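Colleague: This is what each chain is made of:
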Amino acid sequence: MSKLKLNVNGETHEINADPDTPLIFVLRSQLKLTGPKLGCGQEQCGACVVLADGEATNSCVRAASEFEGQEIVTIEGLSDGESLSPVQEAFRDEGAAQCGYCTSGIVVATTALLTKNTKPSPEEVHEALHDHLCRCGSHRRVLTAIDRLIGEGA
Amino acid sequence: MPKNPNIGHPSIEAHPDLDQWIEISKDERILLHTGKVDIGQRISTALALIVAEELDVDYDRIDVKRTETDVDPNEGFTAGSMSMQHSGKALRMASATARRHMLAIAAEKLEVEAESLEVENGLIQSRETNASITYWELMSEQKFDIPVDESVAVKAPENHTKVGTHVQPKGMTEIVSGRMAYIHDMVLPDMLHARLVRPPHYRAELKSLDDGVVARLAESDVTIVRDGSFLAVASADEYAAVKAAERLANAAEWDLKEGLPTAELFEALTSNERVSLPIAPGGAPVEEPVPALDNPPENAAVTLSARFEKPYHMHGSIAPSAGCAIYKYDKLTVWTHNQGVYPLRAAMAEALDMAIGDIHIAYSPGSGCYGHNGADDAAFDAALIARAIPGQPVLLKWTRDDEHAWEPYGSAMVCELRGSLDADGKVIDWSHESYGDTFMGRPAPGRSGSPAEKLLATHFLEDPLPWPIMPPTMGPHVGVHRNLEPLYNFPEPRLVKNLVRGLPLRASALRTLGAFGNVTALESFVDELAEAGGLSPVEIRLNHLDDEKAKDVIRTLDEKMTAAKAGEADGLGAGIAFSKYKNAAAYCAIGIEVEVNDEAEVLLKRAWIVADAGEVVDPDGLTAQLEGGLIQAASWTLHEQVTFDGGGVTSRDWDSYPIIRFNNIPEVETILMHRPGEPFLGAGEATAGPTGGAITNAIYNAIGLRLRRMPYDPDAIRSAAMN
Ligand code: FES
Ligand code: FES
Numbered sequence: 001m002s003k004l005k006l007n008v009n010g011e012t013h014e015i016n017a018d019p020d021t022p023l024i025f026v027l028r029s030q031l032k033l034t035g036p037k038l039g040c041g042q043e044q045c046g047a048c049v050v051l052a053d054g055e056a057t058n059s060c061v062r063a064a065s066e067f068e069g070q071e072i073v074t075i076e077g078l079s080d081g082e083s084l085s086p087v088q089e090a091f092r093d094e095g096a097a098q099c100g101y102c103t104s105g106i107v108v109a110t111t112a113l114l115t116k117n118t119k120p121s122p123e124e125v126h127e128a129l130h131d132h133l134c135r136c137g138s139h140r141r142v143l144t145a146i147d148r149l150i151g152e153g154a
Numbered sequence: 001m002p003k004n005p006n007i008g009h010p011s012i013e014a015h016p017d018l019d020q021w022i023e024i025s026k027d028e029r030i031l032l033h034t035g036k037v038d039i040g041q042r043i044s045t046a047l048a049l050i051v052a053e054e055l056d057v058d059y060d061r062i063d064v065k066r067t068e069t070d071v072d073p074n075e076g077f078t079a080g081s082m083s084m085q086h087s088g089k090a091l092r093m094a095s096a097t098a099r100r101h102m103l104a105i106a107a108e109k110l111e112v113e114a115e116s117l118e119v120e121n122g123l124i125q126s127r128e129t130n131a132s133i134t135y136w137e138l139m140s141e142q143k144f145d146i147p148v149d150e151s152v153a154v155k156a157p158e159n160h161t162k163v164g165t166h167v168q169p170k171g172m173t174e175i176v177s178g179r180m181a182y183i184h185d186m187v188l189p190d191m192l193h194a195r196l197v198r199p200p201h202y203r204a205e206l207k208s209l210d211d212g213v214v215a216r217l218a219e220s221d222v223t224i225v226r227d228g229s230f231l232a233v234a235s236a237d238e239y240a241a242v243k244a245a246e247r248l249a250n251a252a253e254w255d256l257k258e259g260l261p262t263a264e265l266f267e268a269l270t271s272n273e274r275v276s277l278p279i280a281p282g283g284a285p286v287e288e289p290v291p292a293l294d295n296p297p298e299n300a301a302v303t304l305s306a307r308f309e310k311p312y313h314m315h316g317s318i319a320p321s322a323g324c325a326i327y328k329y330d331k332l333t334v335w336t337h338n339q340g341v342y343p344l345r346a347a348m349a350e351a352l353d354m355a356i357g358d359i360h361i362a363y364s365p366g367s368g369c370y371g372h373n374g375a376d377d378a379a380f381d382a383a384l385i386a387r388a389i390p391g392q393p394v395l396l397k398w399t400r401d402d403e404h405a406w407e408p409y410g411s412a413m414v415c416e417l418r419g420s421l422d423a424d425g426k427v428i429d430w431s432h433e434s435y436g437d438t439f440m441g442r443p444a445p446g447r448s449g450s451p452a453e454k455l456l457a458t459h460f461l462e463d464p465l466p467w468p469i470m471p472p473t474m475g476p477h478v479g480v481h482r483n484l485e486p487l488y489n490f491p492e493p494r495l496v497k498n499l500v501r502g503l504p505l506r507a508s509a510l511r512t513l514g515a516f517g518n519v520t521a522l523e524s525f526v527d528e529l530a531e532a533g534g535l536s537p538v539e540i541r542l543n544h545l546d547d548e549k550a551k552d553v554i555r556t557l558d559e560k561m562t563a564a565k566a567g568e569a570d571g572l573g574a575g576i577a578f579s580k581y582k583n584a585a586a587y588c589a590i591g592i593e594v595e596v597n598d599e600a601e602v603l604l605k606r607a608w609i610v611a612d613a614g615e616v617v618d619p620d621g622l623t624a625q626l627e628g629g630l631i632q633a634a635s636w637t638l639h640e641q642v643t644f645d646g647g648g649v650t651s652r653d654w655d656s657y658p659i660i661r662f663n664n665i666p667e668v669e670t671i672l673m674h675r676p677g678e679p680f681l682g683a684g685e686a687t688a689g690p691t692g693g694a695i696t697n698a699i700y701n702a703i704g705l706r707l708r709r710m711p712y713d714p715d716a717i718r719s720a721a722m723n
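Protein chains in written order, with the working numbering: chain A, 1 to 154; chain B, 1 to 723.
If you are wondering where the hints come from, they were derived from the structure by calculation, not from laboratory data. Note that this is a predicted model, so its numbers are computed, not measured. Built from N, CA and C at the ideal position, the CB exists for glycine as well. Errors might be hidden in some of the hints.
As the list claims (entries may be wrong) - Quick look at which bits of chain A chain B covers, simulated, 3 or more residues with Cβ under 8 Å: (1) 21-27; (2) 36-46; (3) 70-84; (4) 99-112; (5) 139-153.
Can you make the complete structure from the sequences, with help from the hints?
Modeller: Below, the structure is given as structure tokens:
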């Protein structure tokens, strides 16, 4: 066990954890942020993606200790109380989810993409979502939601 | 008088009391009960719309109860695109009964004629006196205490103001904000997290465990549960359980026994021992000898034959399965994301030798399952672990490896077809034989064999149960023979189902069962015949259909694709396919445009879906289901096959079992036929079969290669080009 200092969703948390504990277990178990999902634990599906200093990052393998000093944002940190972020709103309005298990990672990745580049090309969108798997086939609606955000200049 | 088609509705027969369906909750909301679970297909949205409509209450005020045993109706499995026919219809009758009942009491209370009453968002008001009362004031926590009236008058479709409109799906805000609580997120006081240590394959047995490792784990507050070859760890800390499972896996020695059969799969499918049955008109098998395949008729101008092969497919849920259980005072409580809490309870009672009444099972959402994935097995695993650690809740999660290697797959299939045309392009002879394993492996009572045998862990316990050997299912359009019978009016088709024994992998219900393989094969083969007979794909289909609704979806598709110049640009190709799911549910015609690039990859450009699903309650949800089914089936077609060798399944992660990604998603246009007042036709599975057929036909149209073995990956395309 060692002490970790993590900045998550704008707050600093002091945590006791095995230093090799992957970030997702700290987020979900200790900080009760269950928005990030464990889909594979092998950096292959994107369900666990969070923002680390603005970059979409898998949280299922890399140790929490590696994230010290970075600003971590989970899907919960994107909305302000009841008010959703523009990306969340677009996903909701376009119905860009069925079961929703992949959605948290995809919403976070989309946020990272559009923060850096408000007018990504289709190729850049595909690239940003390449490692996000969805089994329900919600892809088309996700892409429509993103097109809408690009159109709105979000 | 004509017979009322609602009388004898199975869900109402089983649960006649109105209170079992509708609750006027105290917080000015309505709670509806259903035996169908929302697995991302938005059934709760559709059901809420139906209830909102009949009760005249805003959709936002309707809550949908998550199904649990003893509390909610037993409607079997949420499967086969039957939820609207079952729960949708039942709740419509229940809500109409509730409304009529409340208006009658209100009329008495307000001393007005019931006919003078109107309802708006739960407020009952008299046109005569303006006196009013709300549903909630009226009922103030009372029960209805009356049965659902199956002959109750329901609203005429032209008076619908909610059904058929666009609403925000239930749960969508929770999903996009990360607040949706899945079973994986459950937290109970003193809960333990558990992980399994699985054998290398189905037949392996646990030989020994390293005592030193076991002792060290025990010292570190990890509980090891062992029963025969069933092995699990539990710990208060989730990551500690993950690590303990890894250590224990390294400390386990397995006897690999004879390993898995390694004969070439498609060879085995047509040469292994099997049960062969002819399919009679109507789509059900009959216990009769299989008629011989005679020579083609004398007047045949064209005779072709083809053999299609489809590998095993995974459900591939994005969340590995999970189960939560508490065993306390000889009673078991379980949370599961499976598709039927009641059938699972019966299976578990048998497997654990407990009374049904001592087990309570509640649904808690998982990720999409698309059929019988690992959910039931994980629930049972959790129960076994909980029973070994009485009094403490246990949340078991499978790993990605567990899910990939142990879920029951959709069976591999072979379809052999032969067809003849006469000189006028009429099909005068047709034979279609399908070979595959069972699709009926769900743990359900009432089906052949013991339901307990269908729970995975029962085969690894100290006293293991035998693996189930399923008899052929004899109903119309179930299992291997779903959609084996074409809707086309081919004269006396020779249709044969072959249920094959001794296949290597565990198989059960995957979305559409045999229909995906059958429809792909038959719709591709129809195109081959069309070409040989000088007909267009649209012509041959229309020429052989009697059902106007079937023709309508094909004609509409053709108009759309012609207007869009589908497949006309350089290097592109387009194909179509059609089916009516189970020949009884939704009609669906699909068009797909593809390009095959220099890397021999199939790129999906545009897709068109035309569906007639009868009355549409939630058009947006239905469209999402149709599109999602198309994308999933495109993934099966282009990318997927479960691989294995004698040592077990080798598709153990997303690298070794690739699925479709965001860079190959077509533009999709979906057209729903407008059929208010018609019966609901289940549509959740309508697009899969035609998608496989349309892609096969589009590839042929683009590059002149007719592919007959999935997946259509670059290797398959290159090897087809070589031959
Ligand atoms: S859970 Fe992290 S990538 Fe799949
Ligand atoms: S919405 Fe279910 S996995 Fe993407």
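Colleague: If a hint holds in the structure, say so; if it doesn't, say that too.
Modeller: Tested hints:
With a threshold of 8 Å between beta carbons, the proposed coverage of the region 21-27 of chain A by chain B holds, since 3 of its residues qualify and at least three are required. Coverage of the region 36-46 of chain A by chain B holds [criterion: at least 3 residues with CB-CB distance below 8 Å; count 9]. Evaluation of the coverage hint for the region 70-84 of chain A: fulfilled, as 6 residues show C-beta separations to chain B shorter than 8 Å, against a requirement of three. For the region 99-112 of chain A, the stated coverage by chain B is satisfied: 7 residues place a CB nearer than 8 Å to a CB of that chain, which reaches the threshold of 3.
Coverage of the region 139-153 of chain A by chain B holds [criterion: at least 3 residues with CB-CB distance below 8 Å; count 5].
Against the hints set out earlier in the document, no violation occurs for any number.
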